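Engineer: Residues per chain are reported as follows:
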Amino acid sequence: MKFGWCKAVLLACVVALMSVPAHAKTVKIACASAFSGPAAAYGDNVKAGVTLKVEEINAAGGVGGAQVEVLWMDSLCDPKESNTVAAKIARDEEIVGVVGHLCSSAHLAALPTYLRAGVPAITPTATNVAISDQNKDRKGLVWSFRDVYRDDFQGKFLARYAKEVLGVAKVAVFYENNDYGIGLKDAFVGEAKRLGLDVVGEEAYVKGTPDFTPQLTKLKASAPDGIFLSGYYNEGALIASQAKKIGLDVLKFGADGFDNMDYIKLAGDASEGTYITTPFLASEAGPEAQKFLADFKARYNRDVDYMSANAYDAAGILLQAIEKAGADRAKIREYLAGMNTPEKGYHGVSGLTYFDEHGDAQKPAFVKVVKNGEMVPAQQLK
Amino acid sequence: MLEQLLPQLVNGLTLGVIYALIAVGYTMVYGVIELINFAHGEVYMFGAFLCVTFITAVGMPFYLAIVAAMGCCALIGMFLDLVAYKPLRKAPRLAALITAIGMSIFLQNLAMVIWGSRPLPFVQSAVPAYLNETALSFSGVYLTWLQLFIFAVTTAMMLGLMFIITRTRIGTAMRALAQNKTAAALMGINVNFVIAFTFALGSAMGAVAGILVSVYYNSLYPTMGYVAGVKAFAAAVLGGIGSVPGAMLGGIVLGVAEALGAGYVSSLYRDGVAYAVMIAVIIFRPSGLLGKAVIDKA
Amino acid sequence: MKPILKIDGVTKRFGGLMALNDVEFEVRRGEIMGLIGPNGAGKTTMFNCIAGVYSPTEGRVVFEAEPGAPTVTNGFKPERVTALGIARTFQNIRLFSELTVLDNVRIGCHCRSRSNFFGAVLRSRAQRREEAEIIERSMRWLDFVGLGAQALARASALSYGNQRRLEIARALATGPRLIMLDEPAAGMNPQETRMLVDLIHAILAEGVTVVLIEHDMKLVMKICNRLVVLDHGMKIADGSPEEVRGDERVIEAYLGRGAAHA
Amino acid sequence: MGKIKPLLAVLALGLLAYPLLPFANEYLLHVVILVMIYMVLAMGLNIVPGFCGLLDLGFVGFYGIGAYTAGLLTVHYGVSFWLIVPLAALNGALWGVLLGAPTLRLTGDYFAIVTFGFSELVVLFLTNEIWLTRGPLGLPGIDPVNVNLEFLHPDWFWEFVGEAPYFYLALFMVLAVYFVLRRVEDSRLGRAWFAIREDPLAAASCGVDILTYKVIAFAISAGIGAVGGAFFARWQLFLSPDMFKFWESFLVLCMVVLGGLGNIHGALIGAVIMVCLGEVLREALFVAGLPPEVRFLFYGLIMVLIMRFKPAGFFPAIAATARGNPLLAALAERIEKTYGERRETHS
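Residue numbers (my numbering), protein chains in the order written: chain A, 1 to 382; chain B, 1 to 298; chain C, 1 to 262; chain D, 1 to 347.
Incorrect hints may have been included.
[As the list claims (entries may be wrong)] Calculated pairs, DSBU-like style, for lysine-lysine (alpha carbon to alpha carbon, straight line, at most 35 angstroms):
1) 90/B with 245/D
2) 310/D with 181/B
3) 310/D with 28/A
4) 297/A with 245/A
5) 25/A with 324/A
6) 363/A with 28/A
7) 310/D with 245/D
8) 207/A with 193/A
9) 337/D with 90/B
10) 181/B with 77/C
11) 245/A with 245/D
12) 310/D with 90/B
13) 207/A with 245/D
14) 139/A with 156/A
15) 5/D with 244/A
16) 163/A with 139/A
17) 163/A with 371/A
18) 344/A with 363/A
19) 265/A with 245/D
20) 86/B with 310/D
21) 324/A with 363/A
22) 245/D with 136/A
23) 291/A with 265/A
24) 193/A with 265/A
25) 245/D with 86/B
26) 371/A with 244/A
27) 371/A with 297/A
28) 245/D with 156/A
29) 265/A with 244/A
[As the list claims (entries may be wrong)] Covered stretches of chain C, going by a simulated chain D footprint (3 or more residues, C-beta under 8 angstroms):
30) 68-79
31) 129-135
32) 145-151
33) 227-240
[Stated by the list, open to error] Not the full set, but computed from the structure, chain A residues with beta-carbon under 7 angstroms of chain B:
34) 211
35) 214
36) 215
Derived by calculation from the structure, the hints in this document are not laboratory data. All values derive from a computational prediction rather than experimental measurement. Where is the CB? At the ideal position from N, CA and C, for every residue including glycine.
I would like the entire structure built from these sequences, with the hints used as guidance.
Structural biologist: See below:
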């Protein structure tokens with residue numbers, strides 16, 4: 001009996017792993033993101049954007065006559081899992097490109113596999129600076145692109161905005177202790193010091209703990225007149241409301257990680273007056289974006305956030321590359337690398353996207369502010 | 001630096017009381033069947049979600065929804081015991097631990113499938129408005145009615161629990177079971193019933209903790225049970241696992257250590273300070289703060 | 001005859017409880033000594049103080065493995081006491097029940113062997129020789145107690161009496177000069193008890209001094225050269241079985257407090 | 001036992017040849033390598049709860065220490081993999097001793113929670129000491145393993161590309177650890193551990209120095225964990241503190257218990273089950289048309305079911321018999337010869 005069990009389990013594993021599912025003629029792309037675990041909420045945003053784009057394309061006849069199929073790969077925002085997923089994607093020759101990964105560390109972990117196997121990837125959300133150095137194979141070809149700006153750009157932008165538009169003098173920084181939060185914070189603090197802003201406090205938090213009052217109490221003691229929240233909206237909302245509770249009622253500003261209506265829903269009144277940078281501003285987007293906004297709201301019953309918008313565009317860019325260059329990994333890469341001037345760029349809902357020699361997008365940043373429970377455009381930085 | 005001390009102590013106390021509430025569920029189950037019920041954090045999470053669901057979908061008033069969620073979680077607790085742990089009573093201890101972990105994964109993902117993965121705000125309209133008003137404010141400390149409510153509920157529940165354990169028949173049976181399961185069975189105690197009752201009681205308390213936390217932070221999400229559960233487990237062990245007052249004390253010590261760690265050491269090492277305090281306490285008091293010393297008799 | 005073990009004014013307190021109160025006696029080399037007394041008299045506590053499980057609150061335990069080389073063993077850990085040459089069995093049998101009978105005895109050989117991690121990994125010649133030796137020695141003791149045939153059975157599969165004998169074999173494998181048996185006849189039937197008497201005599205013939213705690217008075221009177229009687233943590237008598245049998249305090253200790261024991 | 005052997009032989013042969021076959025699947029190899037890493041980890045962890053009976057929830061800490069030792073030495077000093085492995089093992093063992101010596105006298109769950117606290121502290125250190133580890137930004141750009149024999153011949157330099165060479169390296173690692181542990185299991189050292197697991201007091205009165213042997217167990221376990229980590233670092237080529245969260249300790253513990261606590265083969269099968277389960281579910285859900293979000297729902301459920309029907313794991317630890325040891329085989333024969341007839345008359 002014992003023997004039977006082991007054999008059955010081993011065989012089941014081996015057979016299942018070796019089996020190659022056969023499908024009809026379709027174009028396959030993968031979307032690697034977090035669909036379970038603590039980051040699943042963000043992964044859900046990405047999934048919504050990609051789904052909408054792919055359904056639109058398929059409804060319009062697909063890419064070069066072939067229907068597009070998305071393989072959802074759960075990589076949990078976990079580097080190890082990402083690498084496994086990357087190997088799975090790399091191995092399936094029918095998958096011609098990847099939208100993902102969600103988190104920078106996950107993306108970095110997947111890169112060596114993509115580079116070796118030659119899989120083009122576009123990440124809509126991974127903003128870490130290190131990706132720019134790690135995305136070239138031995139021949140110097142870039143395989144990983146992103147239609148989102150880097151942490152350092154955004155951090156610097158925010159420092160300038162805080163100084164020039166918001167006019168704060170003493171800022172405190174409260175950052176999430178992960179790749180995103182630290183990358184953003186470092187850029188912000190560096191630029192702030194250069195501009196002569198007084199950084200009076202830096203505190204960190206980790207995801208998961210719902211209580212931020214000890215750090216906020218400490219920050220309050222340093223009496224800042226503005227606080228930069230370098231992290232995501234889930235925790236940001238808790239921080240905003242707890243700050244209000246302990247009487248730390250100062251100007252708050254955050255980066256694209258805050259660009260989600262859930263921030264207002266969770267933080268309520270405490271979110272009022274929060275300034276948020278975003279790569280995507282509905283009012284600045286073209287008319288075709290308005291259709292996307294309406295479709296999204298109708299489908300998911302929530303407003304578009306930058307992750308969904310970027311994911312929508314990332315899928316769009318990848319599918320355009322497939323249409324123009326054919327369903328071939330190397331040709332797609334070449335096409336993407338060729339999108340290196342504004343003229344050759346992609347006009348999506350999040351604005352114009354084109355890539356520099358590191359695969360990074362040059363996109364403008366916009367600023368929104370929370371007013372009466374809505375996110376409205378704020379004064380932009382000239 | 002010193003002007004921070006009082007506010008930080010209050011922060012730590014609030015956090016600690018919440019840990020204590022969850023830790024009690026751990027410690028009760030552990031005291032009776034020596035099982036670390038890792039799924040307890042998930043029951044806590046279910047408590048919060050069920051409460052919100054009762055308010056929004058059924059339209060129950062706040063306090064009634066709390067009671068209903070407590071009842072449902074008690075049932076979940078008993079169900080857990082029935083399907084997952086009862087068949088393993090005679091198996092090695094670690095088998096039950098692995099089942100507990102499996103159950104925890106299952107319940108967390110079940111919640112994700114039912115309620116989605118994005119965090120929900122608590123239904124503020126259902127929460128009595130006075131709870132969010134400041135009750136006391138002195139020297140940099142702001143206490144809301146909700147915080148006082150949490151303190152009061154926790155204290156009341158602890159006292160109630162102590163009463164049940166020390167003064168009632170079922171409590172006596174629980175203590176007897178903790179001492180010696182076989183002997184208790186021989187004395188005519190219905191072992192399975194008492195264990196189920198323990199799970200129900202612990203789970204109901206976990207549900208209350210979940211609801212209070214989600215009201216306090218105005219946020220509930222499927223993975224909230226994991227971190228809270230781990231911290232509460234640490235608190236239970238710190239206090240001396242199996243001891244109800246120990247869980248309370250352990251939770252508060254852990255919470256205060258965290259707050260002071262973040263305030264005075266480094267916010268980067270906030271959890272680190274909590275764990276370091278825990279390790280130090282256990283090394284110097286090898287059976288926790290209020291645990292009974294284990295004497296290995298020859 | 002020179003003493004092998006001297007108990008010198010040993011007192012053991014647990015909090016307020018005085019488990020042993022200034023107990024003094026000695027064990028002579030090559031005798032069978034019985035430590036008797038009513039339940040709760042402190043006999044097992046005495047054993048534990050000698051074996052290093054407890055450290056005496058006051059007083060000394062002096063062990064003389066070889067004549068002329070006394071060692072004060074106060075504060076020694078059990079493993080060190082065992083290495084010195086005192087072995088013991090337990091009142092409620094403590095075998096390694098999931099392991100084989102042979103392994104139980106092989107573990108007994110632990111302190112008389114020396115191979116380590118590297119020896120085990122490299123399986124050096126010395127290690128292999130030692131392993132073979134350990135098996136030989138273990139089998140010798142198993143045959144000695146009459147369990148050779150069950151060497152590869154699981155310890156928990158043995159009968160109660162055999163488990164007691166296995167414990168003795170394991171204790172003997174540590175290479176003791178003194179063995180302490182804690183109620184070796186408890187739970188044995190008359191036939192097994194008779195075999196136990198032979199076994200104890202055989203142990204003595206191996207040059208190992210025996211101290212035993214026993215409630216079976218017939219057995220005690222039959223095999224012990226000398227008895228020490230404890231009551232309420234105090235020594236109340238010390239002498240040959242005949243002397244002790246006639247001692248008033250002993251009779252009072254046993255009979256005065258109810259006939260439950262008799 | 002006799003039945004398992006041919007199965008293992010066939011399996012080993014199949015595994016050995018597979019990467020060289022033209023249809024070798026890199027993803028499958030990747031998963032198999034992952035399985036083998038977890039085999040090493042599970043065998044390493046098994047020493048503490050399986051052999052010594054102590055619940056260790058902090059194993060991932062040593063795994064992380066090994067991985068970062070390897071990663072940092074590679075990135076900053078370009079140290080060869082072959083030198084890194086012993087260094088990582090030593091570093092892991094050192095931390096094992098440092099943690100074990102003061103805490104191993106704790107009983108049961110108190111020890112478990114201390115080890116848990118330790119592993120969390122390791123993760124916090126890796127996360128926060130950005131100057132050393134780059135913290136949450138991760139440590140990218142670790143070189144793959146290479147074989148450098150340039151001092152013999154200028155052309156003799158090979159770098160590991162793709163999964164196949166790693167496969168053989170991992171296989172070698174698994175076999176080496178398996179071999180070492182099988183030998184230790186059946187030795188004076190292994191018996192001392194088992195004695196401690198079964199009854200610490202009786203072990204002490206057999207002359208086993210409990211604390212020392214526990215510390216040795218902990219150090220060896222930690223060293224093996226660190227070796228696994230070192231391989232992991234040079235294989236993944238990227239490290240992040242997220243990889244060494246508490247969940248990993250649980251995962252490895254689950255492998256050990258699911259397989260059969262205290263049994264080396266159990267640790268192996270446990271690693272196969274736990275790693276493959278996640279991957280098989282990925283595929284199975286896709287085929288069944290279920291969304292990826294429910295993957296861990298089934299994962300948890302299957303774990304519960306396995307424990308429900310195999311509470312002692314797939315290979316329950318059994319009393320050592322004559323397997324593999326010539327001395328014991330000879331003894332079995334001798335017992336048969338000496339007592340064979342008598343036993344028959346008995347029954």
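Engineer: Run the distance test for residue 139/A versus residue 156/A: straight-line Cα separation, threshold 35 angstroms.
Structural biologist: 32 angstroms, holds
Engineer: Can you confirm whether the C-alpha distance between residue 310/D and residue 245/D stays at or below 35 angstroms?
Structural biologist: 28 angstroms, holds
Engineer: Is the Cα-Cα distance between residue 207/A and residue 245/D 35 angstroms or less?
Structural biologist: Status holds; Cα separation ~13 angstroms.
Engineer: So if I understand the rule, the pair passes when the alpha-carbon distance is 35 angstroms or less; does residue 371/A with residue 244/A pass?
Structural biologist: Roughly 16 angstroms separates the two Cα atoms, so the pair holds.
Engineer: Holds or violated: are the alpha carbons of residue 363/A and residue 28/A at most 35 angstroms from each other?
Structural biologist: 28 angstroms, holds
Engineer: If you draw a straight line from the CA of residue 371/A to the CA of residue 297/A, is it 35 angstroms or shorter?
Structural biologist: With Cα atoms ~20 angstroms apart, residue 371/A and residue 297/A stay inside 35 angstroms; holds.
Engineer: Residue 5/D and residue 244/A: Cα distance at most 35 angstroms?
Structural biologist: Given pair residue 5/D, residue 244/A is violated - Cα atoms ~67 angstroms apart, limit 35 angstroms.
Engineer: Would you check the hint for residue 245/D and residue 136/A, treating anything up to 35 angstroms between C-alpha atoms as holding?
Structural biologist: Answer holds: residue 245/D to residue 136/A is near 29 angstroms, not above 35 angstroms.
Engineer: Within the stretch 129-135 of chain C, is the number of residues with a Cβ closer than 8 angstroms to a Cβ of chain D three or more?
Structural biologist: Coverage by chain D holds here, the residue count being 5 at a Cβ distance below 8 angstroms.
Engineer: Would the hint on residue 214/A be counted as holding, given a Cβ-Cβ threshold of 7 angstroms to chain B?
Structural biologist: Constraint on residue 214/A satisfied, holds at 4 angstroms.
Engineer: Residue 310/D and residue 181/B: Cα distance at most 35 angstroms?
Structural biologist: 24 angstroms, holds
Engineer: Going straight from one Cα to the other, do residue 245/D and residue 156/A come out at no more than 35 angstroms?
Structural biologist: Status holds; Cα separation ~32 angstroms.
Checked against the numbered hints listed earlier, the structure breaks hints 3, 9, 15, 16, 33; every other hint is satisfied.
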